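J.: Single-letter residue listing:
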Amino acid sequence: MMRSKVLSLVARAGSNRMMSTATKLTTVEVNDKTGIATLTMNRPPVNGLNLELLQDLKSSIDEIESNKSRGLILTSSSSTIFSAGLDILEMYKPDKDRIRAFWTQLQDTWLALYGSSVPTAAAINGHSPAGGCLLATSCEYRVMVPNFTIGLNETQLGIVAPQWFMASFLSVLPQRIAERALNQGRMFTTEEALKVGLIDETANNKEEAIEKCVAFIGTFAKVNPLARSLTKQQFRAADLQQLQNGRKEDLEKFLFFVNQPAVQKGLGIYLEGLKKKAKKQ
Amino acid sequence: MMRSKVLSLVARAGSNRMMSTATKLTTVEVNDKTGIATLTMNRPPVNGLNLELLQDLKSSIDEIESNKSRGLILTSSSSTIFSAGLDILEMYKPDKDRIRAFWTQLQDTWLALYGSSVPTAAAINGHSPAGGCLLATSCEYRVMVPNFTIGLNETQLGIVAPQWFMASFLSVLPQRIAERALNQGRMFTTEEALKVGLIDETANNKEEAIEKCVAFIGTFAKVNPLARSLTKQQFRAADLQQLQNGRKEDLEKFLFFVNQPAVQKGLGIYLEGLKKKAKKQ
Amino acid sequence: MMRSKVLSLVARAGSNRMMSTATKLTTVEVNDKTGIATLTMNRPPVNGLNLELLQDLKSSIDEIESNKSRGLILTSSSSTIFSAGLDILEMYKPDKDRIRAFWTQLQDTWLALYGSSVPTAAAINGHSPAGGCLLATSCEYRVMVPNFTIGLNETQLGIVAPQWFMASFLSVLPQRIAERALNQGRMFTTEEALKVGLIDETANNKEEAIEKCVAFIGTFAKVNPLARSLTKQQFRAADLQQLQNGRKEDLEKFLFFVNQPAVQKGLGIYLEGLKKKAKKQ
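For the record, the sequence lines run as chains U, Z and V. Residues 1 to 281 in the working numbering are what the first sequence lists, from first letter to last. Residues 1 to 281 in the working numbering are what the second sequence lists, from first letter to last. Residues 1 to 281 in the working numbering are what the third sequence lists, from first letter to last.
By construction, these hints were calculated from the structure, which means they are not laboratory data. Just so you know, these numbers come straight off a predicted model, no measurement behind them. Please note that a few of the clues may not be correct.
[Unchecked claim] A partial selection of chain V residues facing chain U, derived with a Cβ cut-off under 8 Å: (1) Q156; (2) G158; (3) I159; (4) V160; (5) Q163; (6) M166; (7) A167; (8) R176; (9) E179; (10) R180; (11) L182; (12) N183; (13) Q184; (14) G185; (15) A215.
[Said to hold, decoys possible] Listed next, the in silico DSS-like pairs over lysine-lysine satisfying Cα-Cα at most 25 Å (straight line): (16) K195(Z) to K195(U); (17) K222(Z) to K277(U); (18) K93(V) to K222(U); (19) K222(Z) to K265(U); (20) K206(V) to K93(V); (21) K222(U) to K276(V); (22) K222(Z) to K275(U); (23) K195(Z) to K195(V); (24) K265(U) to K33(U); (25) K206(Z) to K24(Z); (26) K265(Z) to K265(U); (27) K33(V) to K222(V); (28) K33(V) to K222(U); (29) K265(V) to K222(U); (30) K222(U) to K280(V); (31) K222(V) to K277(Z); (32) K195(U) to K195(V); (33) K206(Z) to K93(Z); (34) K222(U) to K277(V); (35) K265(Z) to K96(Z); (36) K93(U) to K222(Z); (37) K279(Z) to K265(Z); (38) K33(Z) to K68(Z); (39) K206(V) to K24(V).
In this text, a Cβ means the ideal position worked out from N, Cα and C, and glycines have one as well.
In isolation and in its complexed conformation, chain U is listed as follows (with noise of 0.2 Å):
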């Protein structure tokens, strides 16, 4: 896979030097004095999980897991949505092969991001519906400003949520939450994850989001980082393991679900009524 990279040194005043590199669509700062690397969505104008972005997102989780870096903070550079999930575009009337290649890249990301072997937090500084949601609870924290929304919306929209979206959030959430949730595609405000414990703290902006995730990813100071990227993947070994071993069966499920023209239709009018939406706009 080709992709452009650009590597620069970055000396900003009154902050610490940063590493960076960049793909199209995320770029990767690494704080010189926490050794912190924080990785950033940049596909505007939301955010959306199309085949090229989520490349680069594992293209930069991989960069961080070679790299050294003391940990991972996932962010967009948009000041309203952290990421939209999913770009509808790749799922409807979709081309056969590129939608393929698009969901094998989705399993391909989750894996890399929920079995990180270095310590993830997310700094959700916008809404985080459906995918969104999902990168966001395959982190092992997530500070989130207020007034945005978070949670697997898929049922709302007529979709599925498949079985490992489902996991990263019972990672996080109770059962009875968590399958309640799932069922009414429920959309949480800032203030009703943090209860719920959909998130692990509110901060004031993306800045002190980022803050936050650095003071967590600072409490694996003193713990040695073999066992403890061991003792993470086997939390979630069973997890991993249930996508890997199904992969091609949870490919194929995607691909008869995505093709019943009721959810096509449904998904066009989604699109319609977006297109409504950014023209009013």
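Starting from the known structure of chain U, arrange chains Z and V on it as the hints suggest.
T.: Same frame as chain U, now just chains Z and V:
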């Protein structure tokens, strides 16, 4: 299976027209306005779950599944008992064939209720021990009237709640609380049940309990029914599969246990106690 | 296995007659009135879990299982340490045969305690890191004296707590809290432990802690012991089975890990630190 059914259109002053069907021991009323079915257990005096009530429950659940109801509310015609659980008379000095049919029917009824594609809620308008608690925790939501008790109290009777009773309980309660309560055979008051999450809300009376169940089912108004149903079934697949794969084993385990002389003796003493109690009243 | 045992009848002023037996490193006192056995670890200075203490614990658990005790309360003879966990000397530059026996014994002791048919409670009258926390969370109830700490801090020592430590932890804590604490190697104060549910109650001193454990075991007074024991074992079956099925693999995994030069070096540094600390005091 032959069952007498009464189909009638009921028009009540000040209420919505209801389509109502009845088996011998259950009634189903579908509210014309909301499209929600109320399934009422009606086997006086305590809705003891015998073979026939379990059969009627299963038929009524199937009917609600197939008649396009928007939800199922399970309640009782008694003013003090939701369901007293499995009918001890089915287990004490049992007929060899009937007890097999009884347990197999219990399995079928649970599989239908726990795995129902329709949103389910229990309006718990009376005491709900053992099998009564199983029915309630197999629904997705529970509203309970004060001054009653609910719990899996099998160990108090010298019986072991099978693995799938445990699964229903665990779908609602944290493991630490669920295990301890099941070991103790603990009955929770309405207030205690609310505190630990065994129920979701309280209501002053049956009518209000049903209203709150209707409101819960209303949260699915904008949700795609197929996506909702597949999501729920995915959440419950492991529990349902476990019984489906082990039905014979589960039946034999129950038969072996219930036929132990010590268990039969215990049931006999319990029945004797019930008779004395009844005489005093 | 040869063990010297002392059997004696102890009559104390103002207390109930106790039947007491002792192994070299543990004592078992059965209260004549309550029928509850107190199992005291007595390997000064810190109840380090070496091969012999683990053997004696297993023998004492077996004894309590077979002498018809109504419950088991695990506590420590030390006034500041419940148990400091696995004896590092068993793992540092280990003898090839002894370390196999040591780990196999740890497995056996855990299987016996976690799977015990008798109601179990821990009176945690001192610090309880790592293996100490494993023993405490393998019981059904925990009462802890203030100003001590408890947790699985293996990652702080560069060690990975095996899957069954994790299972015991998860039987008590929600997944989100359990995973994070295990990754951090977090030690909880008595107050923090109460808040998250890692312990169930606090008590001002050991005597009061034991009283509260007695009260917990008393909640089973009206429960059929066989039904209770089968119910508990059904709850814990999956966890127990996982180790039983993978004992050899678990042993080899431990041996491989503990013999890593980096781990040996870490243990050496840790032991050196302990020696310096001891000299200063």
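J.: For each hint, tell me whether it holds in the structure or not.
T.: These are the hints, each one checked on the structure:
1. This hint holds: Q156(V) has a C-beta 6 Å from the nearest C-beta of chain U, less than the 8 Å allowed.
2. For G158(V), the shortest C-beta to C-beta distance to chain U is roughly 4 Å, which falls under 8 Å, so the interface hint holds.
3. Taking 8 Å as the C-beta contact cut-off toward chain U, the hint placing I159(V) at the interface holds, the least distance being around 6 Å.
4. Given the 8 Å rule on beta carbons, the hint for V160(V) holds: about 5 Å separates it from the nearest Cβ of chain U.
5. Proximity of Q163(V) to chain U holds as hinted, the smallest CB-CB distance being about 6 Å (cut-off 8 Å).
6. Checking M166(V) against chain U by beta carbon gives a least distance of about 6 Å; that is within 8 Å, so the hint holds.
7. Below 8 Å, beta-carbon pairs count as interface contacts, and A167(V) has none with chain U, the closest being about 11 Å; its hint is therefore violated.
8. Interface restraint check: R176(V) against chain U, minimum CB-CB distance 5 Å, threshold 8 Å, status holds.
9. The beta carbon of E179(V) is positioned within 8 Å of a beta carbon in chain U (closest approach about 5 Å), and the interface hint is therefore held.
10. Of the supplied interface hints, the one on R180(V) holds, with its beta-carbon coming within about 7 Å of a beta-carbon of chain U, less than 8 Å.
11. At its closest, the beta carbon of L182(V) sits 5 Å from a beta carbon of chain U; the interface hint therefore holds under the 8 Å criterion.
12. Because the smallest distance between the Cβ of N183(V) and any Cβ of chain U comes to about 5 Å, under 8 Å, the interface hint for this residue holds.
13. The interface hint given for Q184(V) holds, since its Cβ lies 5 Å from the closest Cβ of chain U, which is under the 8 Å cut-off.
14. The interface hint given for G185(V) is met, as the beta carbon of that residue sits about 6 Å from the closest beta carbon of chain U, less than 8 Å.
15. At its closest, the beta carbon of A215(V) sits 28 Å from a beta carbon of chain U; the interface hint therefore is violated under the 8 Å criterion.
16. A distance of roughly 15 Å separates the Cα atoms of K195(Z) and K195(U); the hinted pair therefore holds under the 25 Å criterion.
17. A C-alpha spacing of about 19 Å is found between K222(Z) and K277(U), which places the hinted pair at or below 25 Å, so the restraint holds.
18. Annotation: proposed proximity of K93(V) to K222(U) holds, straight-line Cα distance about 24 Å (limit 25 Å).
19. Restraint check for K222(Z) and K265(U): satisfied, since their Cα atoms lie roughly 16 Å apart, inside the 25 Å limit.
20. The hinted pair formed by K206(V) and K93(V) fails the criterion: a straight-line CA distance of about 36 Å is larger than 25 Å.
21. Only pairs whose Cα atoms come within 25 Å are accepted, and K222(U) paired with K276(V) is accepted, the gap being roughly 20 Å.
22. For the hint linking K222(Z) to K275(U), the alpha-carbon distance of about 21 Å falls within 25 Å, and the restraint holds.
23. Between the alpha carbons of K195(Z) and K195(V) the distance comes to roughly 15 Å, so the proposed pair stays at or under 25 Å and holds.
24. Restraint check for K265(U) and K33(U): not satisfied, since their Cα atoms lie roughly 51 Å apart, outside the 25 Å limit.
25. With a C-alpha separation of about 22 Å, the suggested pairing of K206(Z) with K24(Z) holds against the 25 Å cut-off.
26. Simply put, K265(Z) and K265(U) have alpha-carbon atoms about 63 Å apart, too far for the 25 Å limit, and the pair is violated.
27. Distance restraint check for K33(V) and K222(V): the Cα-Cα separation of roughly 16 Å lies within the 25 Å cut-off, and the hinted pair is therefore satisfied.
28. Annotation: proposed proximity of K33(V) to K222(U) is violated, straight-line Cα distance about 49 Å (limit 25 Å).
29. Only pairs whose Cα atoms come within 25 Å are accepted, and K265(V) paired with K222(U) is accepted, the gap being roughly 16 Å.
30. For the proposed pair K222(U) and K280(V), the alpha carbon gap of about 24 Å is at most 25 Å, so the pair holds.
31. With a CA separation close to 19 Å, the supplied pair K222(V) and K277(Z) stays within the 25 Å bound.
32. The straight-line distance between the Cα atoms of K195(U) and K195(V) is roughly 15 Å, inside the 25 Å bound, and the hint therefore holds.
33. For the suggested pair K206(Z) and K93(Z), the alpha carbons sit about 36 Å apart, so the restraint of at most 25 Å is broken.
34. Only pairs whose Cα atoms come within 25 Å are accepted, and K222(U) paired with K277(V) is accepted, the gap being roughly 19 Å.
35. Between K265(Z) and K96(Z), the direct Cα distance comes to roughly 18 Å. Compliance with the 25 Å bound is thereby established for this hinted pair.
36. Taking the CA atoms of K93(U) and K222(Z), the gap is near 24 Å; set against the 25 Å cutoff, the hint holds.
37. Distance hint between K279(Z) and K265(Z) is fulfilled; the C-alpha atoms sit about 21 Å from each other, no more than 25 Å.
38. Distance hint between K33(Z) and K68(Z) is fulfilled; the C-alpha atoms sit about 13 Å from each other, no more than 25 Å.
39. Simply put, K206(V) and K24(V) have alpha-carbon atoms about 22 Å apart, close enough for the 25 Å limit, and the pair holds.
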